[in-house]
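Based on the sequences and whatever the hints tell you, model everything.
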Amino acid sequence: MSAAANSSADPRRPNKVVRYKPPSQERLDDPTPDYMNLLGMIFSMCGLMMKMKWCAWAAVYCAFISFTNSRSSEDTKQMLSSFMLSISAVVMSYLQNPQPMQPPW
Amino acid sequence: LVAIVEPQDEFAEFEDNEFAEFEHVIEDEEEGDFLSIETEDEEEEVLWEDVLDAEFDDGEADVQVEDDEDEFEQFDDEEFEGFDSERTGRKGRSQDPPDLKITNVPYHLRTSWENFYLEILMIGGLLAYAMNYVAGKTKNHKLASAWLTAHKDLLEANFTSVGDDGQGAEVQSGILMKESEHIYSIWCSGRVCCEGMLVEIKLLKRQDLVSVISRMMRPSADLVTVTVDLGVADMDSFVFAVGNKKTIGRLHKDMNDLSLFVPDKRPGEKYGLPSGMAILSESGEVTNAMIDNKMVRVLNNYAEMFDFLHISDQFSGPKVKDGDPQPATKMPDTKKTIIFAFNVPGQGRSSVKDVFSMEPMMKLVFHVLDKVSRFRLSKEAKTKADKTRLKVEESFLKMTHAQRQEAAQARREERRRAEKDRMMAEEDPDRQRKMEEREYRRDMKKKQPKVKQLKVKMG
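Protein chains in written order, with my numbering: chain A, 1 to 105; chain B, 1001 to 1459.
There is no bait here: all hints are sound.
Derived DEER-like restraints, expressed as beta-carbon distance ranges:
id	chain 1	residue 1	chain 2	residue 2	range
1	B	1356	A	31	26 to 36 Å
2	A	45	B	1153	48 to 58 Å
3	B	1104	A	45	34 to 44 Å
Under the rule of at most 20 Å between Cα atoms (straight-line distance), these lysine to aspartate or glutamate pairs were calculated in the DMTMM-like manner:
id	chain 1	residue 1	chain 2	residue 2
4	B	1363	B	1200
5	B	1152	B	1354
6	A	21	B	1333
7	B	1446	B	1419
8	B	1178	A	75
9	A	21	B	1200
10	B	1246	B	1264
11	B	1139	B	1179
12	B	1363	B	1307
13	B	1253	B	1307
14	B	1137	A	74
15	B	1319	A	30
16	A	16	B	1195
17	B	1335	B	1254
18	A	21	B	1165
19	A	21	B	1229
20	A	21	B	1170
21	B	1202	A	74
22	B	1363	A	10
23	A	16	B	1165
24	A	16	B	1234
25	B	1152	A	10
26	B	1137	A	30
27	A	21	B	1195
28	A	77	B	1179
29	B	1178	A	74
30	A	21	B	1179
31	A	16	B	1170
32	A	16	B	1156
33	A	16	B	1229
34	A	16	B	1370
Covered by chain A, per the in silico footprint, the following chain B stretches (three or more residues, Cβ under 8 Å):
id	stretch
35	1115 to 1125
36	1158 to 1169
37	1175 to 1182
38	1197 to 1210
Derived from the structure by calculation, the hints contain no laboratory data. Where a beta carbon is used, it is the ideal one built from N, C-alpha and C, also for glycine.
Structural data, given as structure tokens:
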């Protein structure tokens, strides 16, 4: 049943065009980017403070995961800051103690 | 002869004796200041530096030699044979050492690279994640644009503007809005009996390796949700939903309008629908009108593609979770909406071909849209529907009455406390007393029993 066979004439109404308004309240259907961001911050903090290398590496992973899941409307500054923090955690923990990493187990 | 202390050499001194670095640094500073203040012209400064350096270095060298021997006990002596003479040789002493330069490898790099296997593992993981990100992103983009190209001519036959993103002065078209790496949306507008239609293509998170792995355990499908906003006059007042049992059960619990206006869930078989489907409807009349033979045929042929259809004139989104801090004090604003949800066939491993096979679903959308705008309730069904809407509104007001009462009480409390604070803050006593009197009189008037003053005319 293509539109042409439709009984009424052409259904298009140029005068009824309504512009697109993005949904006002951003319904949080996907909490992962924010959780991952928070987790990344915590991991890089304890990677920096307690010099635990596996925390620093986990922070880099969390930052990357929150980057891939982020909404494009989110500002990139937050992504960049979490990446910088986690990479600095890794670099700092290797500068202070260049021994290879001990796994947490 | 200018003997400039080479930086590498100084570094070596620090290297061998940790504590020396502090004294060395302090002396340097003094020496530096002393030199710059004392002498003005260039030559004298160089001569002075030379004398100091030479004297300074000798002392330094001797001390150096003894330290070397104690600290590196485990290394045999031959290795350091050329070390001592090489240093003094450079100062122009008589014996000339074999010219071999031992670069001082810092202690920690001596461990071999194999010990860093965990780091290599981590970097490998990051690379794998990055590659999957790029691959997933392009696959998602390919699927979304395939959906748009597949349905472009059908949409353009029905809408004046297809793919407008709301920015810019006049209406654009053909824009696929990217909400995130896995959610794309298209807004179409300009059609009889509807305000606009938003198509949201919610693909799987192919760009996130973690979700790719978790999807291996429990496969799921890409979703296409079509939300049609209707004008006020475009639809009569009824609430209806049809879809597979599980989704309909969830909707009945979550959605405001469905839980308020639809009493029970009915199986779909009675109306010729496939077995896994259920119906939520306000009245039998609506169900008969909506489930016509075309709908039955399409749902039977494409059962796995169809998730649910939800038509409602009181649509106000999902129920506010009771964890919401401030409960809604006023009635949530409702609007007339039709929502379709389709699954992209292929259960997660869908390709462009699967997306192209979804065209009958969009035809179903336009079929239902025209039918809903033509459908009018019968007289008694109409009155019954309006009655239930009024009843719902009243129950809502009663329920929120208590909250509104509290809110008013809190506001009054707030005002009185502000008044008292202002009074306390007042400096000069007589104005303060006047305010207190006014406050007192106002309270007394309120406490006074409500008595009707009767004017009695004495005869």
